[in-house]
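Going down the list, the protein sequences come from chains A and B.
If you use the working numbering, the first sequence corresponds to residues 1 to 713, in order.
If you use the working numbering, the second sequence corresponds to residues 714 to 901, in order.
Check before you lean on any hint, since a few could be wrong.
[Claimed, not checked] Distance windows between CB atoms, simulated:
no., chain 1, residue 1, chain 2, residue 2, range
1, A, 416, B, 827, 20 to 26 Å
2, B, 829, A, 442, 33 to 39 Å
3, A, 427, B, 858, 32 to 38 Å
4, A, 538, B, 860, 35 to 41 Å
5, A, 467, B, 827, 49 to 55 Å
6, B, 858, A, 491, 26 to 32 Å
7, B, 860, A, 315, 19 to 25 Å
8, A, 616, B, 827, 40 to 46 Å
9, B, 858, A, 533, 39 to 45 Å
10, B, 860, A, 476, 29 to 35 Å
11, A, 108, B, 860, 57 to 63 Å
Hints were generated in silico from the structure; no laboratory data involved.
Glycine included, each C-beta is placed from N, C-alpha and C at the ideal position.
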Amino acid sequence: MIANLGLGILLITFIVTVYSAVTAAASNPKGLARLLRSLPSLRAKRFADELEKLETPQRAASMAESARRAMLLTFPLLTLTSLLLIYLLVNDHYEVKFVYEVTSRSMPTYLKVTAWWGGQAGSLLFWSWLMSAFASLVTLRKWDRDREFLPWVIFVSCVTLAFFVGMTAFFENPFRVFYQTETGVEAHFFPPANSIPFTPEDGRGLNPLLRHPGMIIHPPLLYLGFVSYVIPFAFAIAALITGRTDDRWIRLTRRWSLWAWLFLTFGLVLGGRWAYDVLGWGGYWGWDPVEIAAFMPWLTGTAFLHSVMIQEKRGMLKHWNMLLIILTYDLVIFGTFLTRSGVLSSVHAFAQSAIGPLFFVYIAMTLIVSVALVIYRWGELKSETEMNSLLSRESLFLFNNLLFMSILVVCFWGVIYPLTSELFTGSKVTVGPAFYERANGPLFAGLMFLMGIAPLSAWGHSTLKTLGRAMWLPTIAAVLVTVAIFATYTHNVYALIGFFLVAFVILITLYEYWRGSRARMKIHSENILTAFWNLTARDRRRYGGYIVHISMMLMAIGILGIELFQMETQGTLEVGQQQSIGGYDVVYKDIARFTGPDGREVTRATLSIYRGNEYLGDLHPRIDYYWDSQQSMTIPGQRATMKDDLYILLVNWEPASATGATFKIYVNPLVNWLWMGSLLFLIGIIIAAWPDKDPERVAVRAGKRARQASAAD
Amino acid sequence: MIGDLRLEIEERKNELKTERKILMATQKNTNYKLLFTILLALVLSISMYSFASAQGPAPTDDEVNAIAKKLFCPVCENTPLDVCPTEACRQWREQIRQMLIEGKTEDEIIQYFIDTYGARASGDPPNKIASYLIPVTAIFLGTALLLRALQMWKKPKAAESAIPAGEAKQVHQDEYFNKLEDELKKRK
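Chain A on its own, in the form it takes in the complex (with noise of 0.2 Å):
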């Protein structure tokens, strides 16, 4: 019964995108009839001539508001989709197969709710919900001034979302019920012949790795950033296609394409905690295709974000900026794709899936239309500025711009290289992470570098006496940290290049700082604090992104300090052995089995830690076997300082033998770096996405104030 009536405001849903989409692109007649004209058909020259008699404003008008309420009716409609979907998962509805596959009885109801997203269906119905959210928010704000853009933002968003809520109503829907037939229990919309209802006395639970906190917010964080990518977007695109080639769209979306950034980052970062904590291999990033499917749209995310800066101060690179965030976008979609269409376990699982063609579909058909209105756009996204030296500001951001799309094409060949083998050789080979570590190290190690410089360099000329003026300081700082580390932590070469970059690029943004606030000390005689305070708050964007590139700094000490120098053995001890690694001393003193409060079957291990002679307490690895779903998970105990993480890992324990027990014990250097660093991360982008009074706005509400001011006179 609900679940009929889900099918059913999910079918409106659909109806209703649709429409707005259709809606908003005929409320403009002029813009359409000048894309016909563009065409090389005489019919297209007449269907054009047509559509311009049709246009008078107000029908435009009231077609756009139309357009936009029908686009703002999705998200209390999805809304409520949900809802429903939720209510069926909280109550144990196993009739319904989503329901089924995803919870069970023994689960606890903030899994359940959470369960929404753990499924196929579930995660595309939320993605549609998260996507009609962020449009609404687009539509409601002030139009005044961009009235020409809003169609095509509701065009935009609108298709995209579409795209989702079609898919899942059509082909993964999440209100499919099971009915006994003749041949079998299926699931269906509707009793199919000769069938009665069927509902399964307990469900299969969600997959035992999905049941961790990291889990329940790295998704949504994840689809928070790739959703919010859509609306720079389609303000790129709307751009486009009403000829406002100048940066207005770029001013628009800059602090959307920021808490874009920031979610998609925050979500890359959990998910590698969640990895850390619960896939117990040690590591936080694998080089996973799923993985890379999320990273693929950072990069280009990432590159964005620096490079129209270039076009609002300089006024160059539009052409490039459109094409970044077009890539960004279908790289968005392509990601959902990765993970969701089964490509990646093979070719041939791709073709039998029922949502992968669609979405290749999909992705090739944006590209090639996005791409074919630039092109149409050529000549109006000329530059206004020329390009004055390679040591420029501009240059070095475009030469930051080149490593991250290098990046890209290392990950994207390294995701598609195993299913081209596949469907040209037959041959299924695996990339692994060796491939990508070789291929981006240095790619990396460049990032860094520019990083360090490119802060220092000025906005259309800069020189290498300038430049060597404000950077000697701090290299000769950078060097004489270099040379301590080698003296006392280690001799890799790779591993100094790495630190002596890291305090590089370290040094250089604190000197800046210190350089902007002692200038303000001196001018407006502030104490260090408050001119700190004043610089940062003057200019958040810049210095917030600082302190961004210093929170990217602790995480790469981080990421050094586990890739170059973790530390591993596996071992079978008996109660009472030890096994020593990395300084410590780990002493296995005993194990309990017994049933955890959801049905699990714990298997707790107990270790003893010591250094030396000092004893540090005690680590649980523990292995939980979940009987619903039939899988078990590997949780690590671990011990977590600046230092190193003291991680072990319970492999393996033979009920045969109660006195022994496998463990495979890992010591990761510096990985809390990389936890530390996020969290300054968050603190600094925050800082530069924080809204700004809007200027224009302060300036009509002052204006309505005082002339309600005068009227009340």
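Start from chain A and add chain B according to the hints.
For chain B alone, kept in the frame of chain A given last:
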């Protein structure tokens, strides 16, 4: 061929899974299958022991993992063999240990896995040229394109390089940056 193998592996894996389930669920279940498994394990371990005593010390887990790290689970997607938790993978690790006892080298073992389970068992794609050359070429092309574009952008500038210094300064549109720079200059 590979498809068949995969099917076989999958079947085997499922079998092992159910076996494990039985083991965990009803340890006292005197199932023939269980008896058989225990017997088999006994025979295997005895034979392994005799092997080990005949051919020097048994390889440590670390030695096995060092090789398993370079291999990928032939069943699960993209999971390195040293961390894969499935029963099938445990057997494969045992196989590595066995081969080490037999005196096989690391390369021989990796080659054996590639021959048996296909190229995907190795983390390094077999065709080095295709896997590395294409991205490297693309990156070089990108670099060349960028350098060319920079040159083109710079050319018109060379023609009108007679712009007075005052105008060049106006290029800074970042007002605050200018102010800061000026302040810094004044300081000297």
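Quick rundown of the hints versus the structure:
A hinted range of 20 to 26 Å for the beta carbons of residue 416 of chain A and residue 827 of chain B is consistent with their spacing of about 22 Å. At about 35 Å, the beta-carbon gap between residue 829 of chain B and residue 442 of chain A stays in the expected band of 33 to 39 Å. Taking the beta carbon of each, residue 427 of chain A and residue 858 of chain B are about 34 Å apart, inside 32 to 38 Å as hinted. As the Cβ distance of residue 538 of chain A to residue 860 of chain B is approximately 36 Å, the hint placing it in 35 to 41 Å holds.
Checked against the given bound of 49 to 55 Å, the beta carbons of residue 467 of chain A and residue 827 of chain B, roughly 50 Å apart, stay inside it. Checked against the hint of 26 to 32 Å, the pair residue 858 of chain B and residue 491 of chain A fails, with Cβ atoms roughly 39 Å apart. Look at residue 860 of chain B against residue 315 of chain A: about 22 Å separates their beta carbons, and that is inside 19 to 25 Å. Between residue 616 of chain A and residue 827 of chain B the C-beta distance comes to about 43 Å, which sits within the given range of 40 to 46 Å.
Evaluation of the 39 to 45 Å hint for residue 858 of chain B and residue 533 of chain A yields a pass: the beta carbon distance comes to about 43 Å. Between residue 860 of chain B and residue 476 of chain A, the C-beta spacing of about 31 Å keeps the proposed range 29 to 35 Å intact. Our hint of 57 to 63 Å for residue 108 of chain A and residue 860 of chain B holds, since their Cβ atoms are close to 59 Å apart.
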